[in-house]
Amino acid sequence: MDLNYTAEDVAFRKQVRTWLEQNMPRQIKDLAERKVWHRKLYEAGYLGMGWPKEYGGQGARPMEQAIVADEMARAGAPAPTNGLGVGIVGPTIVVHGTDAQKRRYLRKILTAEEMWCQLYSEPNAGSDLAALRTAAEDRGDHFQVNDQKIWTSGGAIADWGLLLARTDPAAAKHKGISCFLINMRQPGVDVRPLKQITGSSEFCEVFMTNARVEKENLIGRLGEGWGIAQTTLGYERGGRALARITSYAVQYNHLMNAARRLKRNGRPILDDAVTRQKLGRIWADLEVERYGALRVLTMLERGEHPGAGGSLTKLSYSEFEKRFMELAEEILGPYGQLTDGVPAEYRLEVDTAVGDHGTWAYAFLWSRAGTIYAGSSEIQKNVIGERILGLPKESRADRVGGTR
Amino acid sequence: MNFSLSEDQTLLRNSVRAALDEQCKPAHVRAMMEDGGSGYSESLWAEMAKLGWLGLPFAEEQGGAGLGLVELALVLEEMGRAAYPGPYFASVVLAGLGLQAGGSAAQQEKWLPAIASGQARGTAALLEDSLDWDPAATTTTATKAGAGFRLDGVKRFVPWAHVADVALVPARAPEGVSLFLVDPRAAGVTLTPMVGIDLTTRWSEMRLDSVAVPADVLMGQAGGAGPVLEGLLRRAAVGASAEMLGAARRCLDMSVGYAKVREQFGQLIGSFQAIRHRCAEMLLEVEKAHAAVYYAAWALSAGAEDATMAASVCKSFVSEAARQVCGDAIQVHGGIGFTWEYDLHLYFKRAKALEPLYGDAAYHRELLVRGLAGSA
Chain A
1 MDLNYTAEDV AFRKQVRTWL EQNMPRQIKD LAERKVWHRK LYEAGYLGMG
51 WPKEYGGQGA RPMEQAIVAD EMARAGAPAP TNGLGVGIVG PTIVVHGTDA
101 QKRRYLRKIL TAEEMWCQLY SEPNAGSDLA ALRTAAEDRG DHFQVNDQKI
151 WTSGGAIADW GLLLARTDPA AAKHKGISCF LINMRQPGVD VRPLKQITGS
201 SEFCEVFMTN ARVEKENLIG RLGEGWGIAQ TTLGYERGGR ALARITSYAV
251 QYNHLMNAAR RLKRNGRPIL DDAVTRQKLG RIWADLEVER YGALRVLTML
301 ERGEHPGAGG SLTKLSYSEF EKRFMELAEE ILGPYGQLTD GVPAEYRLEV
351 DTAVGDHGTW AYAFLWSRAG TIYAGSSEIQ KNVIGERILG LPKESRADRV
401 GGTR
Chain B
1 MNFSLSEDQT LLRNSVRAAL DEQCKPAHVR AMMEDGGSGY SESLWAEMAK
51 LGWLGLPFAE EQGGAGLGLV ELALVLEEMG RAAYPGPYFA SVVLAGLGLQ
101 AGGSAAQQEK WLPAIASGQA RGTAALLEDS LDWDPAATTT TATKAGAGFR
151 LDGVKRFVPW AHVADVALVP ARAPEGVSLF LVDPRAAGVT LTPMVGIDLT
201 TRWSEMRLDS VAVPADVLMG QAGGAGPVLE GLLRRAAVGA SAEMLGAARR
251 CLDMSVGYAK VREQFGQLIG SFQAIRHRCA EMLLEVEKAH AAVYYAAWAL
301 SAGAEDATMA ASVCKSFVSE AARQVCGDAI QVHGGIGFTW EYDLHLYFKR
351 AKALEPLYGD AAYHRELLVR GLAGSA
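Quick mapping for you: the protein sequence lines, in order, are chains A and B. When you number the first sequence by our numbering, it's gap-free, plus one each residue, and the end is 404. When you number the second sequence by our numbering, it's gap-free, plus one each residue, and the end is 376.
Just so you know, these hints were derived from the structure itself, not from any lab. By construction, the Cβ of each residue, glycine as well, lies at the ideal position given by its N, Cα and C atoms. Where hints are given, some of them may not hold.
Listing some non-contacts, in silico: residues in chain A with all C-beta distances to chain B over 12 Å [stated by the list, open to error]: (1) Met63; (2) His96; (3) Thr231; (4) Glu330.
Capping the alpha-carbon separation at 20 Å, the derived lysine to aspartate or glutamate pairs in DMTMM-like fashion look like this [what the hints assert, rightly or not]: (5) B/Lys260 x A/Glu386; (6) A/Lys278 x B/Glu320; (7) A/Lys393 x B/Glu320.
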């Protein structure tokens, strides 16, 4: 056990920090500017770092990836774009794709020349994703896709989508699903932004009416989609462990500053014993999240996959974020609810990756999404209970045989 | 950066667990709880000395194994997991680490090899009537008397004082708070048992009435005990957290085991989400407590920049996590978990007893905010 960073990692961190100081844009106004920034990160070797070199990545160690993300969080650097492409679709194609698919799609994901989304959830298939009903029917030379997807991040700007659809309605629930690459820019695909409680539209609804998927765009074999989606979900849960915590720490410092200025009963809120207790608790929780991230990084560095352990990480940080934002709202009072006209002292300059700068109000509202997306907290607890603790499966109508 | 146990550390943990599984079964724990004498087993103590546990963090020339706080935390976690009844924590952590940090060469030479070999047991008297952990709150007095000192005051919750050969006793001299090595059997010292809910730990009230001590039992300079005591408190806080972690893990394991065999409504209760989700939450708390304990142990050992903060993160987090997990374990078990006969309460109470010691969660949260805000 040695939690010091190696001299090599310290030097790399310094190099990234210097590069960011020299190259980071102050502000990003639109998607075009974000794509320019994305390209710059890619050319510097700071994007798609974990991808194999033969597909345009760096073959970098998890620690190097973590350091880049962490330094970006520390500097408040704008996020690159095409996150689902780089983080999920690309790795899925690397693992399950054909050589032709790899040649055709991978590089353009890294350069953000082609933007990607993930077409998984449906109105009646959320936590119970395998209940999805979108059908892909074999029409000889292509598949024809019909029905609706929802909660599609970045759907409005996507050129391509990674699609889960049912190809065998007669097969068992988890067996009849296949995975495809679908062109979003076709007449049969209608994308409508979904306005969230934040007032913004990071998510979309996608309606597919006789949409076309070429035969060569099936990923893996027919009926293997569920297994492929499981590895995909695994990538989504691994994530930017360290950088996330650093972002929280940056926000925490903002909050401390606000607590110094704001007063209650004639004294700074920071001198209020009750508030101090709450601030102390959140800081301890935040640090424990950081220690946990270091444990995950240690595993990744050894080439081990956290597996179901990723559910512990995701459950932990998403629930923490809600508690943190609730405390922020408590300290900031009505300032914490402002979406416009926020005095500079109470602004939270978070980059929301959709081209606008955030506020505490936005961050607070957004914290409600974390315990729902990518498997709700309840689903994570099921996974932890069944796969880590080995507790018996529950009796479910869709599982033949019920409990063991 | 490597946040995982080394091969040697894993071996150590496994060997401690195997030894305690064999020699510190719940039946042994219960026998010691009901023991009318010292409340711990001399033969197990001798065995622990032989295995090198009693001198684990001391230098080799002092009869120790020369290991660090991470290794010590591993042993303490297992002690918590077994609810080991005996003066291990008092002797090795409180007296041992205290002497290591603040004792003169002669004092270390006198006591550390004796503690390591199991011949002597030590403790520390860190609490008084006010329960304030701040060393500056010490009201026990040390008055110059001839070549030595005279000590007067009342200490509370002194662990295993009734079997100790030496106690570290903070007292206020004219120069400020000072630390003395006191023989609990000396004239003028009165020990009165303080019996808590956790019968695996024995506390005493220690009354000092004009206790005459020679000059050579003063540790360091008169008035200079503050930093030694603060350092000791941090180490004790992390050590106690390691024990709480062990107790919590035991409670989690018992709950999961029970949920896999107990049936109600014709089904195993572990198949109900109400139970499964609770167990998942317990595991998350235990894993976070593990990270907090070993990060802090490493940070203190390595002298990391954030070591002081890490100790407070650890104690504030683990104090509540362990209480939550051990309490949830009773809930998962239902009625059986509330019986004296079932072993769960041994671990529940061990964790509970440690929760307020060496600073409770609220105390350490305040230290954290002071560290962050730079204001009192």
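Ascending list of hint numbers which this structure does not respect: Violated: hints 1, 7.
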